[in-house]
Amino acid sequence: MAEGQFPAGSMLPKMQAAIEFAKLGKEAIICSLNQAAAALDGKAGTRITK
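For the sequence shown, the numbering used here gives the first residue as 1, with consecutive numbering after it.
Derived by calculation from the structure, the hints in this document are not laboratory data. One or more of the hints may lead you astray.
Claimed, not checked - Straight line, CA to CA, 25 Å or less: simulated DSS-like cross-link-like pairs of lysine-lysine:
hint	residue 1	residue 2
1	K26	K43
2	K14	K43
3	K26	K50
4	K23	K50
5	K14	K50
6	K26	K14
7	K43	K23
Stated by the list, open to error - Okay, the calculated beta carbon distance ranges per label pair:
hint	residue 1	residue 2	range
8	D41	E3	26 to 36 Å
9	G4	D41	15 to 25 Å
10	A2	A37	27 to 37 Å
Where a beta carbon is used, it is the ideal one built from N, C-alpha and C, also for glycine.
Using the sequences and the hints, build the whole thing.
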């Protein structure tokens with residue numbers, strides 16, 4: 001994020017929230033709504049963990 005890979009207003013807020021959630025020892029999943037079921041099955045999306 002420090003390298004500016006995620007412009008403000010795009011993925012940046014999602015990544016920041018996911019990182020804060022993962023700091024609590026939980027797993028964050030970022031995906032599109034139509035891929036939610038596949039993401040919960042581990043077949044889609046991006047997972048952020050500590």
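Here is how each hint holds up against the structure:
A distance of roughly 18 Å separates the Cα atoms of K26 and K43; the hinted pair therefore holds under the 25 Å criterion. Proposed proximity of K14 and K43 is supported: the alpha carbons are some 19 Å apart, at most 25 Å. For the hint pairing K26 with K50, the CA-to-CA distance comes to about 8 Å; that is within 25 Å, so the pair holds. Restraint check: the Cα-Cα separation between K23 and K50 comes to about 6 Å, which is no more than 25 Å; the hinted pair holds.
For the given pair, K14 sits about 16 Å from K50 by alpha-carbon distance, which is consistent with the 25 Å threshold. This hinted pair checks out: K26 and K14 have alpha carbons roughly 15 Å apart, not beyond 25 Å. Taking the CA atoms of K43 and K23, the gap is about 23 Å. The hint holds against a cut of 25 Å. As the Cβ distance of D41 to E3 is approximately 32 Å, the hint placing it in 26 to 36 Å holds.
Hint check: G4 to D41, Cβ distance near 33 Å, so the stated range 15 to 25 Å is violated. Against the hinted window of 27 to 37 Å, the Cβ-Cβ separation of A2 and A37 comes to about 34 Å, which satisfies the hint.
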